[in-house]
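**Q** Heads up: the protein sequence lines correspond to chains G and A, in order. Under the numbering used here, residues 4 to 449 are what the first sequence spells out, in order. Under the numbering used here, residues 629 to 1098 are what the second sequence spells out, in order.
If you are wondering where the hints come from, they were derived from the structure by calculation, not from laboratory data. Be careful, since some hints might not be right.
Dumping the calculated EDC-like pairs for lysine to aspartate or glutamate here, alpha-carbon to alpha-carbon at most 20 angstroms [unchecked claim]:
| id | chain 1 | residue 1 | chain 2 | residue 2 |
| --- | --- | --- | --- | --- |
| 1 | G | K378 | A | E945 |
| 2 | G | K415 | A | E919 |
| 3 | G | K449 | A | E742 |
| 4 | A | K895 | G | E111 |
| 5 | G | K109 | A | E892 |
Some chain A residues close to chain G (C-beta under 7 angstroms, calculated; not the full set) [unchecked claim]:
| id | residue |
| --- | --- |
| 6 | K824 |
| 7 | N848 |
| 8 | S856 |
| 9 | E876 |
| 10 | D1001 |
Per the computed footprint, the stretches of chain A lying under chain G, defined by three or more beta-carbons under 8 angstroms from a beta-carbon of chain G, are [said to hold, decoys possible]:
| id | region |
| --- | --- |
| 11 | 711-723 |
| 12 | 839-845 |
Backbone N, C-alpha and C define an ideal beta-carbon position, used for all residues, glycine too.
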Amino acid sequence: MEKKITLAEIAKILEKYEIVELEDVKIKGDIELELAEGGGVALPPSIAQALQSIISAAHISSSTTEAIATTAQALQSILSPGAGAGVQKAQIPATPAEELELIRTKFEVAKTEWNGQIEEVTIGATRSDGGTREATVTIGGEKALPFYNFDYQMPHPPVISVDCFDMPISLAKAVREHYEDVMEDPGEWAKKNVREFGADMVTIHLISTDPGIKDTPAREAAKTVEEVLQAVKVPLVIGGSGNPDKDPEVLEAAAEAAEGERCLIASANLNMDYERIAKAAQEHGHVILSWTQLDINAQKTLNRYLFKLGVPREDIVIDPTTAALGYGLDYAFTNIERMRISALKGDTDLAFPISCGITNAWGAREAWMKDSPIKEDSDWGPAVYRGPLYEIMTGLTLGIAGGDMFMMMHPKAAGAVKRVTQMLFGAKEAEDEGKKVKIEEWVTWK
Amino acid sequence: MKLNSPMEVWKYLPGTNCKECGEKTCLAFASLLLERKKKLEECPPLFEPKYAEKGKKLAELLAPEVREVEIGIGERARKIGGEDVMHRHERTFFNRTALAFDVWDTMKEEELRERVRRITDWKKFYVGEFLKVDAIAVRSVSGDANTFARCVKRVAEETDFPLVLCSFDARVIEEGLKEVSDRNPLIYAADKENWKEFLGIAKRYKVPVALFSPDLDMLNSLAVTFSSAGIEDIVLDPGTYPEGQGLEQTFSRFIKIRRAGIVEGNKGIAYPLIAVPMTAWMVHGTENALEASYWEAIIADLFIIKYADIMILHSIEPHSLIPERTLVANIYTDPRRPVSVEPGLREIGNPTEKSPLFVTTNFALTYYTVESDIASNKIDSYLMVVDSEGIGVESAVAGGQLNAESFKDALESFNVADKVKHKTMVIPGLAARLSGETEDVTGWTVLVGPRDSGRIPGWMEKNWPPETVS
Chain G
4 MEKKITLAEI
14 AKILEKYEIV
24 ELEDVKIKGD
34 IELELAEGGG
44 VALPPSIAQA
54 LQSIISAAHI
64 SSSTTEAIAT
74 TAQALQSILS
84 PGAGAGVQKA
94 QIPATPAEEL
104 ELIRTKFEVA
114 KTEWNGQIEE
124 VTIGATRSDG
134 GTREATVTIG
144 GEKALPFYNF
154 DYQMPHPPVI
164 SVDCFDMPIS
174 LAKAVREHYE
184 DVMEDPGEWA
194 KKNVREFGAD
204 MVTIHLISTD
214 PGIKDTPARE
224 AAKTVEEVLQ
234 AVKVPLVIGG
244 SGNPDKDPEV
254 LEAAAEAAEG
264 ERCLIASANL
274 NMDYERIAKA
284 AQEHGHVILS
294 WTQLDINAQK
304 TLNRYLFKLG
314 VPREDIVIDP
324 TTAALGYGLD
334 YAFTNIERMR
344 ISALKGDTDL
354 AFPISCGITN
364 AWGAREAWMK
374 DSPIKEDSDW
384 GPAVYRGPLY
394 EIMTGLTLGI
404 AGGDMFMMMH
414 PKAAGAVKRV
424 TQMLFGAKEA
434 EDEGKKVKIE
444 EWVTWK
Chain A
629 MKLNSPMEVW
639 KYLPGTNCKE
649 CGEKTCLAFA
659 SLLLERKKKL
669 EECPPLFEPK
679 YAEKGKKLAE
689 LLAPEVREVE
699 IGIGERARKI
709 GGEDVMHRHE
719 RTFFNRTALA
729 FDVWDTMKEE
739 ELRERVRRIT
749 DWKKFYVGEF
759 LKVDAIAVRS
769 VSGDANTFAR
779 CVKRVAEETD
789 FPLVLCSFDA
799 RVIEEGLKEV
809 SDRNPLIYAA
819 DKENWKEFLG
829 IAKRYKVPVA
839 LFSPDLDMLN
849 SLAVTFSSAG
859 IEDIVLDPGT
869 YPEGQGLEQT
879 FSRFIKIRRA
889 GIVEGNKGIA
899 YPLIAVPMTA
909 WMVHGTENAL
919 EASYWEAIIA
929 DLFIIKYADI
939 MILHSIEPHS
949 LIPERTLVAN
959 IYTDPRRPVS
969 VEPGLREIGN
979 PTEKSPLFVT
989 TNFALTYYTV
999 ESDIASNKID
1009 SYLMVVDSEG
1019 IGVESAVAGG
1029 QLNAESFKDA
1039 LESFNVADKV
1049 KHKTMVIPGL
1059 AARLSGETED
1069 VTGWTVLVGP
1079 RDSGRIPGWM
1089 EKNWPPETVS
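Excised from the complex, chain A in its bound form (with noise of 0.2 angstroms):
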C-alpha cells in the first residue's frame, strides 16, 4: 500500500460527505480504507464517470503490496497474504497464517471422517474468542485420480473448510478438483516439470494454485509466466527443508522473497507464501512421533513469524496445535489494538447479592481468562475490572498501577455496595500483599484468590461461602 494517511487517502475521495458508505465525512471513510475495515466499493460517487480517474488510481495505491489470494468458500473461507510491511509494529500483519492439516488418500473411510471431524472441530479459548485452525489439504498419496477423487469427496462432505488438492500429478489434481470445483480449493503444485498441465487446471477452474521451486530464479520465472497468462491467485512455496543448513537457507527464501516483494515492489514474485513444516516427518518419521511434533512446532515458529501465509502441518495432537496456534494469534494481533478492557462490575451468569465477588485487572488478557474460566464452570458472580492502565495483576503490583486505593476507587465509582452485600472481595492471587492494606482502607473482607483463576472453582469448594457472608 502507498498510502500512510487518511489525508492522503482522501485526497482521492469525492469530498462531498454524502454518507453513502455510512460515515459521517469522507475522511473518516478514508481512515477506514486504510485499515481495511472499509472496501472502495462502499463509496458509489467514485464509480461515477466523474471521479472514476480517482476511484482507479485509489485501487492501485491501496493494494496490499503482497497479492492478496482468497481460498474456499462462504464464512470459513480464508484471505491469505495482502501484506505491507516486514515488521508488525510498522503497522500490523493483516491475515494470520493459515493454518491446514493434512489428511491422505489411502486412509480408511472412517480415519478419514474422523480426522477431518477433528481438524474442523478443534478449538481453544484465547482472549475473547475460540480460536480455530483454517483448512484441510487432502494429500494423493496412491497416485490414483480416482482415489484422490473419492478421498476429496469424503473430506468435503465432512468439512466447510478451505481445501487444499495436494499431488505433482495434474490428472491427479483435476480428478480431485472435479469434486469440489464450486470451493475454491487451492492447488499444490505446479512446478518445472508440470507448469503447463497446472496452469490449464487453474485457468479452466478458476482456482488458486501453489507455484513450487526452491530454485528462486525458476520460481519467480513460474509466477511470471502464470501471471502473463491471467492466473494472479498464485501461492509460492520455496521448498521448507526441515534441518541444518537447509533450514537456513529456507528461512532466507522466505525472507528474501518477502522482501523483494514489499520493500523492493517486485511484483512478479509478490504472492503469498506456503510452509511445509510437516517436512519434519519424514526426518524424523512417525516412530519418532513426538520428536517429529516438536520439530514441526519449530520450523511452523519460524515460518509463522517470517512469512509464511499458509503452512501444512500434520500432528493435530494438542500439545503441538495448541502454541502453534497461539503463536499465529500473538503475532498477528494488531499491535496498535488496545490492551484494556473497560473498567467496571460484570455480572457473571445470575448473581445475587450472596453471590461471591471476584476482582481482576483491566488488561484484556488477564480479563478474558478470568471471566472466561467463571463463566464456563457456571459460578454465578460478580466482576470487579479494576483499572491498572491496562497491565496484568504480578506487574501492575509491582509496579503500583493495583493497590488499595484502586481496589476503593472501583467499589466507590461502580457502586459495588450495592449489589454485593457481604461485603467481601476475593483479590487475585498475584495480588496477596496487598490484602492487608486494602481491608484497611475499604473496610471490607478481603480473601486472597488462587494464584491462576483456572483454580477458582477448586478454590471455590473450599473457601466459599466465608463466614463473613452466611
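Isolated chain G (complex conformation) (with noise of 0.2 angstroms):
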C-alpha cells in the first residue's frame, strides 16, 4: 500500500461518515501520519478519541515501539491540548476546520537618509590638550533620530551630568536624603556625584551669585569652580545663578578659573550680555551652552548671534527648555523634536548636541507633594517612589525627542536613564539578558 494519507484527510473521512467511534480496529504496516506545522488540524473532539483509540490499538512490533511512542505522543498532545481536559467536554462546540494556508510575505520598510548632521561636541579637556580631565566626554554627530540604530548607528549614547551646588538649597525630600552630608562642600558633592552616582560629568550651579540669594561675588565663585575641578577629573558644566545681570560677570570669572579645561559654560541666553559669556567661553576654551525658552525661532537667532561673534560650531551645545511631565513636557519634546528634525533635514542653525535639565521635573508637584491636593484624586502613594520615576520619565521622554545630555540630581533616576540609553544606543556591555526572557511568557507569568 503506497497510499500516503494525512491527519487532515484522515479526520475529513471520518466527519464524512460520520464516524465517531472505531471498534475493533487493526493497522497493519506502516503508518505515516504528517503532521501540519502548529498541527493546524481541529478535530471535533469526537473523532479526536476515535483517532486517540487507533494509535493506542495499534499492534505495535517490538523494532518500531519507540518511533512510534513518539510519533503516538505528539499527536496525543495536539489532540488534546490542556492535558485532555477539554476533549472529554461535550459542550465545546466543534472548530470546523479551516481550509487554510499561512499566505507568507517577506516585511520590509526603507531607511531614511536624511541630509544633516548633528555636530559632534567634546566637552572636558586631558592633559594632552592642555586640560586637567582623565576623560572627554562626546556628544552629538547624529545622522538619524534618537536610537534609529537601523538608520545610521547613533554615534555616542547620552551622557549624564549630576548637580551640584555652591550653597545648600532646599530639595524634595527624596533627593535631599542623598547629598545631606555633602551640601556644604561643592567639592566633596562633586566628589559623590561621580563615585558613588557615576556621573559622566559634573555641573556646578554658582547660583549664591545671585544678588537676591547670597550675591557671592564672582572672584568667590570661581574658587568654588577651582576647588570642583581640583575635586573630580570628569568634564565639567559651570552654571551661574540665571541672574541675567550678574551671571555675564560670574561666568566670565569661572571661564578664567577653569581656563582651558574644555568645560560647557551655562549658559548665554538672549536676555542678557551673550557676547561676554560666549567670549569668554571662546577666550579660555570652553563650550558655550545656547539657551532659550521653548523657541525654535529663538534658538536659531541666538545660535546665529554665536555664529556672528565667532564661536565655532564644534563649541556650541543647546538648550532648548526642559519641562516637567505633566508640567509642559508636551511643550518641550515637540519642541526638541522638531528642532531635531529641522537640523536632520539640513538646518545647520539647529545641528547641535541637546542638553536638558531634567532636574527640572521636580517641579511637578506629584514629585514631591505627599498627598494630592485634590480630594477626588485617588491615593497617590508615597512620593519618595513617584519622584524618582517623574525625573527618569521626564529624561528618557526628552532623549527620545532629541536630548544628547541630561543634567540629573536623583542617582537612582541618573542610573536608570543612564541604563536605558545605553541598552537603546545598542551598547555591547549592557546585560542581555532580554533576549533570554521567552516573552510570549508574560501571559502566564507568575
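Join these two chains into a complex; the hints should help.
**A** Spelled out as C-alpha cells, the structure:
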C-alpha cells in the first residue's frame, strides 16, 4: 500500500461518514502521519478520541516501539491540549477545519536617510589637550533620530551630568537624603556624584552669586569652580545663578579659572549680555551652552548671533528648555523633536547636541507632594517612589525627542536613564538578559 | 489620510450647503471631517445615488493610514490606532495609548474583584478633567479553560472596562469569550502555531484579535492571512523584550512597522500595535517590585511615545500609574489646541464680598490646577484670571507678560471692585517680586500666596482673613 494519508485527510474521511467510534480496528504496515506545522488541524473531540483509540489499538512490533510511541505522544498533545481536560467535554462546539494556508509575505521597510548631521561636540580636556581631565565626553554626530540605529547607528550614547550647588539648597525629600552630608562642600558634593552615582560629568551651579540670594562675588565663585575641578576628574558644566545681570560677570570669572579645561559654560541667552559670556568661553577654551525658552526661532536667532561672534560650531551645545512631565513636557518634547528633525533635514542653525535640565522634573508637584491636594483623586502613594520616576520619565522622553545630555539630580533616576539609553544605543556591555526571557510567557507569568 | 485641507475634502461633498449636517456650509463640514469631529454619515445627501461615487472615494481618502480598531462597548469602548502621522507636530496623534492592567485566573475571588475595582475606579485630576485608565487584561495562568472562563465572568461583573483575554490556547480563549462575547473584547493572541484556531474564533465571534510574532515576516504574513480571510480588526504584537539589545530591537520593530504603514502605505501591516511593558516583571521579579515597576514604566514611556496603541501593564501602584497616564495625556494632547483659557473673574463656590481674591494666569495648565485646588478644598473665593498670553506664572514674570500693569488692567476690565470690597488680592508665590509695584500701581493690598496652589488651604489657615479684610 503506497498511498499516504495525512491526519487532516483521516479527519475528513471520519467526519464525512460521521464516524465517532472505531471498533476492532487493526492497522497493518507503516503508519505515516504528516503533521502540519502547528498541528493546524482542529478535530472534533469525538473524532479525536476515535483517532486516539486507533493509535492505542495499533499493534506495535518491538523494533518500532519507540518511534511510534513518540509519534503517538506528539499526536496526543495536539489532539488534547490542556492535558486533555477539554477533550472529554461535550459542550465545546466543534471547530470546523479551516482550509487555510498562511500567506507568506516579507516585511520590508526603507531606511530614512537625512541630509543633515548634528555637530559633534567634545567636553573636557585631558593633559594632552591642555586640561587636567582624566576623560572627555563627546556628544552629537547623529545622522538619524535618537536610537534609530536601523537608519544610522547613533555615534555616541547620551551622557549624564549630575548637579551640585555652591550652597545648601532646598530639595525634595527624596533627593535631599542623598546629599545631606555634602551640601556644605561643593567639592565633596561633586566627588559623591562621580564616585557613588557614576556621573559622566558634574554640573556646578553657582546659584549663591544671585544678588537676591547671597550675592557671592564672581571672584569667590571662581574659587568654587577651582575646588570642584580639583575634586573630580570628569568634565565640568559651569552654571550661573540664572540672574541675567550678574551671570556674565560670574561666568567670565569662572571661565578664566577653568582655563583650558573645555568646560560647558551654562549659559548664554537672549536676555543678557551673551556676547561677554561667549567671548570669555572662547578666550579660555570652553564650550558654550545656548539656552532659549521653548522657542525654535529664538534658538536659531541666538545661535546665529554666536556664529557672528566667531564661536566655532564644535563649541556649541543648545538647551531648548525642559518642562516637567505633566507641566509642559509635551511642549518641550515637540520643541526638541522639531529642532532635531529640522537639523537632520539640513537646518544648520539647529544642528547641535541638545542638553536638557531634567532636574526640572521636580517642579511637578506629583514628584514631591505628600498627598494630592485634590480630594477626589485616588491615593497618590508615597512621594518618595513617585519623584525619581518623574525625573526618569522626563529624561527618557526628552532623550527620545533628541536630548544628548541630561542634567540630573536623583541618583536612582540618573542611573536608570543612563542604563536605558545605553540599551537603546545598543551598547555591547549592556546586560542582555532580555533575549533570554521568553517574552510570550508573560501571559502565564506568576 | 490622503487629504490635507478642507478645500480638498470639499471637492468630494455635494456643495449644496444644505445644512443637514448641522453646519452652515459644506466647507465648514469639510474642515470638521478633516479634524475627525464629524462623520461622513452626517451628510445624508452623500449617500444618494448621484453623489455615491464621490462619497465612496471620500471615505477611502479620509480613512486613517493605520486602521482604527474598537475594543469594548458603550461609553467605555476605546478606539485604538487610527493614526496618520509619525510625529505629533505633523498634525496630532488621535487615539491615545490605551493602558490595560492585568488580572489573572489564579487570583482568589475577593482579591480579583478588589483589583478590578481599583483599576476601574482609579482617577487623577489633570488639566480640567479626571484621567482614568482604559482596559483590563485577563491572563490565563492556570491554563484551564473553565478556570479562565470563571475569572472572565467575575471581571465582567465588576467592571464596564474593555477586556483583553490573554492566552495562546484557543480553547481557553473561546471558553472565556463565551462569557463576554457581547462585550467586544480583544483576544490575545494568535501566533504561528495557533493562528487557524484564533482565526476561526475571531470570525465566529466577530471580535478584534491580536497577532504575535517578533519575526516581522511572520507577523506580516499573519496579518495578511487574517485580512484575506475577512478579519480586519487586528492588533499587532511585535514582542516586547524588556532589556538590553532585545529592548533596542523592540524599539526598532515598533518604529519600522509604523513607518511601513504610514510613510510607505503598506496596508498589510498598518494596524494598531500592542506593547507589553509588564515583561519587565519577568526579569526583575515580584521580590524587586519597586525596581520592576520602574522598568515597566520606563518601557511604557518608550512605547507610549513610539507607537504602541494599547499596552499591558502590571503595576497598579500610584507611583507608576500616575506618571504613565500623565505621559499618555501629554503625548496625545493635540499640539494645535489652544493652551490658554479666557481671562476673567471666576467664582469658586459661593463667594461673598469678604471672600479671598486669588490671582493666576490664563495658561490652561496653571489655571486648571489652581481652580481645582481651590474648588476641591471648598474655599469660597474669586479667582482672577489675568491675560499672560497663555504663559505660566514663572515664565510670564521673567518674560514680562505678567506685570503690575496686567494686574491693574484685569482689576479694571473685570470690575473686580464691584464684587470684592476688601481690596486685597493674593498673587502667586512665583510672582512675589511683583508685589510692591502692584500695590503702587493698583492701590490694592497685595498678599503673596504659596508657590504651589496645592498649599492654599494651609496658607489660608495662617493668612486669612488678614487685618485689611476684617
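**Q** Each hint: holds or not?
**A** Verification of the hints:
1. G/K378 / A/E945: 18 angstroms, holds
2. G/K415 / A/E919: 10 angstroms, holds
3. G/K449 / A/E742: 18 angstroms, holds
4. A/K895 / G/E111: With a Cα-Cα distance of about 12 angstroms, the restraint between A/K895 and G/E111 holds, given a limit of 20 angstroms.
5. G/K109 / A/E892: The hint holds at about 15 angstroms.
6. K824: 5 angstroms, holds
7. N848: 4 angstroms, holds
8. S856: With a closest approach of 6 angstroms, the A/S856 hint holds.
9. E876: 5 angstroms, holds
10. D1001: 5 angstroms, holds
11. 711-723: Holds: 3 residues of the region 711-723 of chain A have a Cβ under 8 angstroms from chain G.
12. 839-845: With 4 residues close enough to chain G, the hint holds.
Comparing the model with each earlier hint shows no violations; every hint is respected.
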